[in-house]
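Student: Protein chains in written order, with the numbering used here: chain Y, 1 to 301; chain G, 1 to 738.
Just so you know, the hints here were simulated from the structure itself, not pulled from any lab data.
Derived coverage of chain Y by chain G (criterion: at least 3 residues anywhere in the stretch with Cβ under 8 Å from a Cβ of chain G; other residues may be distant):
#, region
1, 46–60
2, 91–100
3, 119–126
Virtual Cβ for every residue (Gly too), placed ideally from N, Cα, C.
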Amino acid sequence: MVSGIVFDMQRFSLHDGPGIRTTVFFKGCPLRCLWCHNPESINPKIELAFYKHKCIGCNSCVNICPTGALQNSERDGKSYNIEHCQFCWKCVKVCPSEALVLQGKVVSIDEVLEETSKDIPFYKQSGGGVTLSGGEPTFQFDFCFHLLKGCKEIGINTALDTSGFVSWEKLEVLLPFVDIFLYDIKHMDSGEHKRLTGVSNEIILENLFKLNDAGKDIEVRIPIIPGYNDSKENITAISRFIANLKSIKKVKLLPYHKLGLSKPWLFNNRRGILDLEPPKKEDLEEIKSIMREYIDKEKIY
Amino acid sequence: MPDLTYQEKIDLLRAKKLEHTREKQEVVGFMDHDDWGLILPPPTEREIVRTISSSGMPITDVLLKSFKVIPNHPSGGFFGPRSCGENFRKLLEVHPVYIDPISSLAGAYMVNFMSYRNPHWNPDFDYSHLHKEQELYQLVTGIGATQHFCQDMEIGLRLGWKGILDKIRYFRKINSIESFEFYDGLESVVLGIQNWVYRTAQTAKAMAQYEENLELRRNLEEIAEMNERLINEPPRTFREACQWILWYLITARMYNGSGSLGRLDVMLYPFYKRDKEMGILSDEEAIFHIACLLLRDTAYIQLGGYDRDGKDVTNPLSYLILEAAHQLKIPANIGVCVGEGIDKNLLYRGVEILIKDKTGIPKFLGADNIVNGFAKNGYPLEIARERAYAGCHWYGIPGREYTIMDCVKINFATIFDVALREMMQESGCTPSAKELWDRFTKHLRIAIDTIAKGLDFHLEYMHKVFPELVLDLCSHGPIEKGLDASHGGVEFYNMCVDGAGLATVADSFGAIEERIEKEGKLTWQELMYYLDNNWAGLDGERIRLLMKNTPRYGSGVSIADEYAIRISKVFTQMVKEKPTPNGYNMIPGLFSWANTIPMGKNLGATPNGRHAGDPISHGANPDPGFRKDGAATAMAIAIANVQPGYGNTAPMQLELDPSIDNEKEAIENIANLIKVHFDLGGTMVNINVIDKDKILEAHKDPSKYPDLIVRVTGFSAYFSSLSPEFRQLVVDRIIGNG
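Build out the structure end to end from the sequences listed, making use of the hints.
Tutor: Set out below in structure tokens:
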């Protein structure tokens with residue numbers, strides 16, 4: 001039985017594809033976007049995280065830790081030395097307030113299908129289904145493949161939310177089991193793309209071409225990060241690039257938000273997260289008006 | 001000066017309403033109830049008192065200084081139909097006239113007659129034999145409850161006040177002398193109303209003479225003429241029908257708090273159709289008259305639904321009434337019927353308004369499950385379809401069914417507490433979840449039996465205490481038989497029995513089974529220690545969180561979910577197992593109304609991690625924070641699974657912050673959520689579409705958002721009028737931090 005590591009399953013998800021959906025968040029991502037709003041998704045392994053405001057200071061965790069990996073810390077509440085950790089997670093089990101939690105859980109395909117099947121009546125009524133997101137779902141390729149296949153076998157509509165940073169050979173295998181691709185485009189300039197996300201964009205753009213040729217429904221999603229990728233040049237370049245791709249049914253702006261900052265503290269693994277002001281409504285309208293010069297306005301959200 | 005547009009007039013009326021509300025907030029303080037549309041009497045006429053509302057909640061209220069009741073009992077109270085009628089007539093005769101020259105309808109009510117009642121119950125009718133159990137289980141018994149059933153307003157629209165008076169006098173001659181007192185009471189009420197309408201017509205006439213604005217003068221003259229007619233005659237036009245309904249509503253509201261209205265779209269339709277055909281009414285004008293009606297009372301209204309034969313009754317007025325609420329944007333209680341055979345566009349328009357206005361209006365009614373569920377009580381579908389939405393969470397057959405809906409509550413959490421303490425105190429008893437369950441059901445049975453006996457007692461004596469003199473006027477039977485609706489006057493008696501605190505108990509059972517029995521993380525004795533000490537100390541807090549963080553009702557696969565279903569099932573079976581000792585049918589529902597706070601105040605800590613005195617869980621809802629994602633679909637499934645299913649409701653109260661980036665999609669998704677909840681068995685959906693940040697801001701300083709409206713439970717209210725405790729309750733639900 002194939003299993004994988006997910007860090008969340010969100011029911012009644014209204015923003016990750018058509019209708020009412022359940023989004024399964026995969027752990028692990030090859031990209032390192034500066035603005036990542038799911039920092040807990042980056043590391044493919046299960047990891048320890050801490051909500052300082054939930055901690056009541058009962059010390060059950062520190063007392064039970066067999067190796068002293070977890071200690072009290074004046075500055076952060078707790079400190080955690082992964083080199084000393086046996087990964088027994090007794091600290092998590094004993095924590096009464098869910099201040100110490102694990103990011104990521106090993107789940108089997110059947111377990112995910114059981115959870116995602118609960119909302120089948122809502123999917124049927126609304127044209128919704130299951131969305132695989134992350135992280136980058138294709139980063140756990142076998143799990144991704146079997147979950148998509150499992151969903152299709154029981155008649156659930158599927159969406160794959162991907163950065164596109166995956167080999168075409170793999171993507172091609174998934175094609176028959178994906179109803180719609182939610183496909184991110186972040187920057188058209190390859191060097192800039194690498195600076196912002198850690199990888200260049202050639203594979204991503206090439207895959208989008210191929211997906212388009214394969215006739216798959218695509219929703220392009222553009223994160224709008226003020227000062228990073230919202231220049232007129234970049235928006236124009238993206239719009240020009242996707243203007244002629246017929247399979248793109250929808251282009252959606254994902255304005256930067258601060259929710260990533262309220263995520264739990266991942267001890268030493270936490271990456272720096274941008275702390276910006278979210279884009280204003282007028283700015284988004286401006287971006288949309290640029291896009292409308294190239295793209296059918298009905299498609300822009 | 002050019003005439004004002006209808007929208008401009010509505011805006012002015014709303015501004016005036018906000019002024020009235022601010023004044024009420026200043027004078028009576030917090031109002032944890034429906035806004036009702038009451039306007040304070042003039043300052044020199046005000047006398048402030050603490051009293052009990054028609055729903056049994058302690059409130060601050062304002063009386064008219066110039067009016068004093070005449071008692072007829074050594075206790076200082078006034079009881080029985082004649083005395084109630086005469087006293088009420090006197091109040092109507094001195095009640096200040098209220099006319100807003102901008103509104104197309106005259107009249108507003110300024111005091112609650114209920115607040116003059118002291119004591120509320122006639123001590124001659126003793127039920128101390130029930131006190132022990134009522135106290136032990138802290139039951140909301142319904143003894144002495146008023147209204148909470150639905151009249152048939154069409155009777156009044158057909159007869160007018162004079163016609164009703166003639167009917168009373170006709171049957172007085174036919175029926176025996178024992179009913180004379182009752183007829184005296186009814187007559188007094190009608191004469192009092194006629195006097196009020198007459199004085200209003202005269203005042204309008206006088207005001208018109210001094211009004212310089214031509215448009216307003218014309219309006220006042222029309223008001224005078226219309227009301228002069230309505231003293232005796234039944235309404236002819238759409239506007240007259242709205243005015244007649246308003247008189248009836250505010251009289252019923254003033255008498256004993258009644259806010260039932262029912263199918264407004266159906267009852268007004270013949271007037272609308274006639275006026276349209278005659279070319280004397282535009283849709284804009286119709287919307288305006290309805291808005292003027294909604295402005296003065298937050299009555300409970302059903303839109304759409306089925307007729308006797310199962311045909312959809314949705315008509316153009318259903319949409320216009322929605323539109324009026326949309327333009328008015330004040331608290332209102334409008335339910336949109338959703339069902340297989342019902343116009344889907346009404347649902348979509350309702351959701352659109354819900355999203356646009358963010359006022360929690362309208363709510364949504366699962367017509368098919370209400371009808372089919374009610375039929376299970378042994379009624380033909382034709383009768384079941386006649387039931388109309390008429391109160392917070394309830395329906396009634398207009399003019400034919402007596403129910404005291406929403407007035408009878410069993411707090412499952414108190415039953416649980418009694419069972420737990422009994423088990424722990426009994427020597428030789430080995431505590432276990434199974435043992436606790438057995439004792440819980442044993443005490444639940446006794447509580448339901450006590451309720452049943454109380455209902456019989458109420459039905460025996462209420463008419464001698466405070467009869468339904470206003471709702472009787474528009475019911476089928478009371479006048480004809482000479483019997484009050486609470487005493488055999490109407491055709492059907494289906495007494496409401498609601499359970500409350502479902503999640504509190506389901507989660508408590510779940511936590512006990514998980515933490516004590518499965519994991520052995522604490523003993524029963526330790527649990528009792530922590531409960532008795534209200535989880536004090538660091539160790540107490542640790543254990544509390546351990547119990548609280550057990551998977552809860554609503555998560556979908558937890559032990560608590562299984563318990564919630566079991567509790568609802570056993571409660572339903574017990575209520576349906578037998579009628580009251582005198583043979584009255586009882587119908588189970590799950591709803592706590594505003595009682596979550598008082599019911600929690602009297603209760604110690606509970607094993608679900610709840611502190612002593614904190615509110616119990618809301619209706620059939622899972623506790624806030626039941627899932628990390630708070631998924632609406634999870635809640636929709638959980639609540640559909642615990643429906644008692646006999647035609648009374650277990651509403652879903654849902655807070656959504658959908659951060660809408662596409663309105664069309666949002667409408668679709670929310671409409672689909674509602675539809676599927678009903679497909680799965682749900683009966684009613686109350687939704688707040690809210691802006692989380694705005695609510696949190698308003699919580700800090702409510703005066704900043706005087707016009708922010710929230711759906712509290714079955715009713716909607718200005719957020720700024722709620723007490724801090726109640727605001728907290730709404731905020732907790734919204735941020736889901738449990």
